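Just so you know, the sequences run in chain order U and V.
The opening position of the first sequence corresponds to residue 136 in our numbering, with each subsequent residue numbered one higher.
The opening position of the second sequence corresponds to residue 134 in our numbering, with each subsequent residue numbered one higher.
Please keep in mind that the hints were generated in silico from the structure rather than gathered at the bench.
If you're wondering where the values come from, they're calculated on a predicted model, not measured in any experiment.
Which residues of chain V face chain U? A partial, calculated answer using Cβ under 7 Å:
#1 Ile187
#2 Ser251
#3 Ala265
Beta carbons: idealized from backbone N, C-alpha and C, even for Gly.
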Amino acid sequence: MQYEIHNGLVLIFAATIIMIASGLPACFFDRRFVWTQRLTTALMLIGSVLGWWGLVVASFGTPASSIVWDWHLPAGHFSIGLDALGAVFLIPVFTIPVLGSFYGLSYWRQSEHPENGRGLGLFYGLLAGGMALVVLSRDSVLFLIAWELMAMAAFFLAGAEDEKAEVRRAGWTYLVATHAGTICLLALFALLRQVSGGFALSTVVDGSLTTGIAATLFVLTIIGFGFKAGLMPLHVWLPGAHANAPSHVSAVMSGVMLKMGIYGILRVLTLLPVTELWNGEVVLGLGAITGILGIVFAIAQNDIKRLMAYSSIENIGIITMGIGLALIGRALHRADFVLLGLGGALLHVWNHSLFKSLIFLNSGAIMHAVHTRDMNRMGGLAKSMPVTAGLFLFGAVAICGLPPLNGFASEWLIYLGLFHSVGAGSSTVWPVGVAAVALAVIGALALACFVKIYCVVFLGTPRHPVHGQPHDPSRLMRYPMMLLAGGCVVLGILPQLGFPLLQNAVEQWMDPVAPAIPQLASAAPFQWISSMAMVFIVLVVGGFVLLRRKIVRQAPALVGTWGCGYGLATPRIQYTATSFGEMLVSLFRWVLFPRFRRPAISSVFPAKSEFSTEVPDPVLERVILPAFRQAGRNMMKLRLLQQGRIQIYLLYVLAVLVFLLGWGKLGF
Amino acid sequence: MINLLVHFVLMLAMPPLLLGVINKTKALFAGRKGLPLLQNYYDLIKLARKDVVISQTTTWIFVAAPVISLTGIVMAGLLVPLGPFQSPISFTGDLILFAYLLAVGRFFTTAAALDTGSPFEGMGAAREVTFACLSEPVLFFALLVLAKMSGTLILGDLLHAPLTVGIQGAAASLVLVAIGMFIVLLAENSRIPVDDPNTHLELTMIHEAMVLDHSGPLLGLILYGASVKLFVLSAVLLHILFPFQSGYALLDWSLFMVEMLGVAVAIGVVESIMARLQMRHVPYLLIAAILFCAFGFVLLVR
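Next comes chain V alone, as it looks inside the complex (with noise of 0.2 Å):
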């Protein structure tokens, strides 16, 4: 029970911290002194209380999207178990329901994004759609192999395989398959080297290009999504790169943060320490990971 709280607690409420921790590691890199880690909270707060311009091209469409796909994370999220726990939801086939429900989110911030008539906002849907139709077979190529590990369809236990039936014989399988979802993580969180998320008025952008005419609460519902969508495929990515268990809730519990930061800095080296892809090489990239995971779905089944 107190577990289940604290999953609540820390994919509600860690999120931004997590942003917070790439901002920081970013400005190392560079010689700055940075934001300060909890700026992110304080950005929320102040998008909340502020007011709402709206477009007048706009339907209920721009208003109900980010309340859909902040929905659509968070009930994901309850999917995935945190470190060694148990997730609170779980059920045969909520593997599935998981992929779907990030996909509904995706679906609505798109139609809101074309919503506006502006040809940035277009295009950085255009983008969307197009780069989530390459970065769903990692997904699945992942969810596969993990089953195959585990053979359970249950997305609990499944993502636990590493760490219940031990990775003997399917570590090379998992290192492929930790290598494909890491890119996907950094592309569908919008990351360098897929997207930049600092600059907003460029032609090159994706996910920050579709928010432009976004405001307030409207805003911030879309940047705590996208933050929650990171923590909840960190935790994914995790599962493969760390299965390990003290036994201890306590011990687990801070050793999972703790893992969950050393993700977040190691977004920030990789966004450090690489420069953006140009936009047609961005499928490249994502074919790439598309065969690390069909490579150590094969090497698996073999």
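Isolated chain U (complex conformation) (with noise of 0.2 Å):
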């Protein structure tokens, strides 16, 4: 038995351990006890703050270390490890739940939902602990043990509120699809086992490989953790879980766990061989495509949680793209491609999780305020929430990709790697520069999206009454808002911060034997964007500053707005979230398929009538659930099997254990 203790390790794994029992002994009191929530975040803290203290031990000690058990199970063993690469995942976990956990002491009061605040509770922990052992496993049943513990605790989560019958749909389809990935996943764990000998995540399976056997091990990959990450098409699961689910555990899903799937894609590839070059390509196309159609889906949305849902999958899609230019790099031997996808595709996983867990816990702030996610029947927040609204203006910013905030050093990153591939000079690598279009329209999209979410639900005038008086939320929510904005300031100035663990991070993802890698900060000169930034922000706040002192001197005349001489204009007549996509909607309505209700004027004098239009997700309606419906249909005789006796079930796995037993022994 190999034991080597390393303390670092140990302490991210007890902090692994803290997390998944935090809501554990919540469970043994009275539901109506208040204090039982406060007991669970206080545990949740304590993991976080040993993870992080774990992390920063580590970072001072061997880069590479691990802990083996054996166990009692048949295959396998109790193998977790910790690397760069794992660390740059830890960093979002051990980050993003805790504040999404003191957010919930008030967005979630047990005292308000005695009915599942225990329970949520409990599965809040399990996923953030379940992912903190995805990263950490190092062995392929092991990993699928934690997988399947996040997964089906994200299941729980996002059936909080079960009562609705829009959540129980939602959470179906979450449980197919990520029990589809997972099947993947077996195969794919299964084909490495056969051609790496043992379970280990870490044995490089050798060049030996025949091309077949190499894809097949690739296209699994990609497809098993793609459901995970919500690559299109397989992020039809997406947006009705993250529209359904409570928003801190939004946050946490869209924010972290999402990402497990970008870190499977990732720790795989580490094992494989050298790839082929298509490899890289399929995966940049993969990753564009994603990112366009999400964003367009995004723009069609007037709910503002599958707006964000949709957002989280444009930002995947970005990710990949990175990982994808990173794989081309390692085919063609080019390190600064690997370098700066990578290490852009790594600091975005960070970006994302800081602007998205923000947006997320910001919606939970307005829906408290209007009860309601429709933004159609929203406006004019900005009056009633002012630091809500401001939050949400770092967030919008930083997600559209803009400087002086985060999300633009990472898109720079991607965009520097793809220009890098255009004066590359080999003539096979020049389709790749097309990417950095498909990233500017990206780009373009998302602030189209951003603009219309941040007018929409903060400026203008309600569009509809509301019950009370809209209001800032509590300390208990503002606080970890204002904590994630502030990360997107300080790493959008400064990403330098993290470049020792990206550039470490890059080097161990790097095949052994390509060349040397470049500095992370001589490929990208982030000191020029540094002092750039602070100059614009500098003279943005002088001259407002000035300006503002300006016209509060001359204190200007206050009137309505200039309704070009119409007296009786009313909330109803600004611009709606429908209108304000309008233009983009029809633009893309070959992909988008929005449905309207148009009403019909059969007489001179035409009654009341009503308008209205919605976009659903294309791939699953158009594509799965007819699919389902007829495989439902075709497959009623099988409904021979289905007895609903657990008895009949027990029989059926003994059968096929026999079977197979006999199928062994023969020998085939």
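Join these two chains into a complex; the hints should help.
This is how it looks when you write it as structure tokens:
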């Protein structure tokens, strides 16, 4: 038995255990006892602090460390380890859930939700700890156990309000999608076991694979983890699950859990031999399609949380483009592609976890104020919720990739990498440059999307009367958002802070035989971006203060908005979320398939009528659901097997087992 | 050092003159006398001294947006070299920063428009962000062509590529890119055939509809920012159209100014002889521009 103790890893492992168990003590108390939630949050905090402590300790120790124990399962070992790639993904795991947990103290009070408060805390801890364990696992059996722990916890979290039919439907879609992914992962790890001879997730498969097997491994990786990450067209579960979960859960699911799919892709790719060029091109293309379609679908939404969920798909697309570029670099032995592509992708993992959690937490505050997710019924909230509006603006500007906030830093790295490929000279690489145009389109569409959401929700005048006076949320909800917004600013101006870790992660991911990797700091002159960002902020703040002073001194006449001579303007004449996105929706109607319900005017004096439009997910509505319905019809005969008695199902299991054993004996 | 100073002075002082030249050209075509050449300077001074009227609907975004937008445009202008001279600030990858600084301005201008709660301004904002989605790829294809020619990612060196590398073998690409960039220049600066800067109160406007509620210094900042944007994008276009250098600083600067005025005249001519497109046809024009630049890229790398 190997038994090598490394302080950092032990701390992180302890943190993982504490997080997994954080919701357990609360279950022994009465459901009306309010201290249970505080206890759960305190345990999450302890876990996160321990985890961060471990990361800091580990970064000063040896980079690779591991713990291996035997266990009583027939396969694999209990084997965990920590390296730079894992550390990159552990940082959001130890940051976002704990902030969400504090937010939940006010957002999802035990006293207001006695029926599911404790359960939510339990599964929240399981999700956070499960994700940490996914990253730590170095054995495919343990990995799958952790993966299922995470996936099932997320199922119960997304279904927290299971008294609503919509929530249950979203939950089932998620359950089917996540298990479709897991099936691919089972096949992947079985095949990996076949070619590498073990379950350990550290043996690099040597280059003796046939192209067929290598391609199968690659495709299984992309599909299996793509379900979790939300790559198009495997994203079908994502909008529903994110929209219907409580907001702090959506923040963790979108900010952290999707990244586990990205982590899985990156981890398995470290095990495979040098990839071929087409692998990278496929991933790059998938990323570009996911990014563009994700944000186009987002623009078409009027449900604030569905919109944010689609925007997560877009960001996953950007990250995937970075990975695709890195793969192309690995195939062509171009260290600069790998560095900029993977460096940008990993930085975007952090950035997205910051700004997407921020705006999901924000959406919770908005929903508390206006009791709806429909943006067409909101408006003018900046007046009554100035802090929320200001914090949302940070998230919106960052997510559009605009300087001086953090979204720009990571997109800039990926852009640099893509532009490098054009100057590379090799005739096989130049199509990669076109991906830079795709990224530019994504950026412009994201801008349209987040101008829409910010302005429709916060600016203008309220489109619909609200029960009670909307107000900023309590401090418990504000402070986590402020910390996240602060993170967006810091990583926007000084992304260099993360460079040492990113550099290590990229070097570890890169093929060992590849040429030496340049330093990230020299490949991307961030000191210029930092100084430009600071000059920009100083100029803007200075100019604003001067202008403001002039205006205040003048005491401007307060009047209504100029209605071009029309005096009876009502809030209803404002542009709505639907009308703002209408032009883009009609530009992309060939992929969105928007549904209109137009009034039919039949008489000379038409009666009062209604118009409505909606854009359901085209993949789910037009492909998956019809296919499932058809399959359901065709498989009616198989219902004979479905007896509804557990004993009979156990019999099936036994029969299959005997069959397989017999098959094995015969030696096929 | 002197060149740096000239860059600043020209970039900050010359833009309103370009608008004056455009107006004069249009007046000539129409057989009118037209506004004085310097009218835009007078307007800006007048606006700066006026008081502000602010709608009660608005928030601080409404006041901040003109400042942010102008700052973004001016900082983007510092990355673009004028004529054969070096740009004040240049570093690897500044070409992306250039595009995104302009985008920051767009974010806040459209936000300020929606801040008023006016349907006209909402309409203008929706069109602005939609058409930007189509003009952004044009710009990036153009940058790709120049990056391929020059093998660098520094905006200054990249734009100088037709000058330093020469146009041999890339002439066809450059012509296509120049056409595409000219269309983007018209679209981004709200010129005919995409938008008409002279009418305000129509349902068909883009940029002018967005600034209906701005007044006094706020409007001044917006108009000035728009003219600087015209100047900067024209300077980018000139690198592709006229890659010439005499070697004498004084001559080069005068040549550059004459070229800039030439672009202004060209815009004036286009505005005079063309009608504004129907709003639903604008995307086709921009998609044509994308295709021009994409062809240019494919021709170069084939």
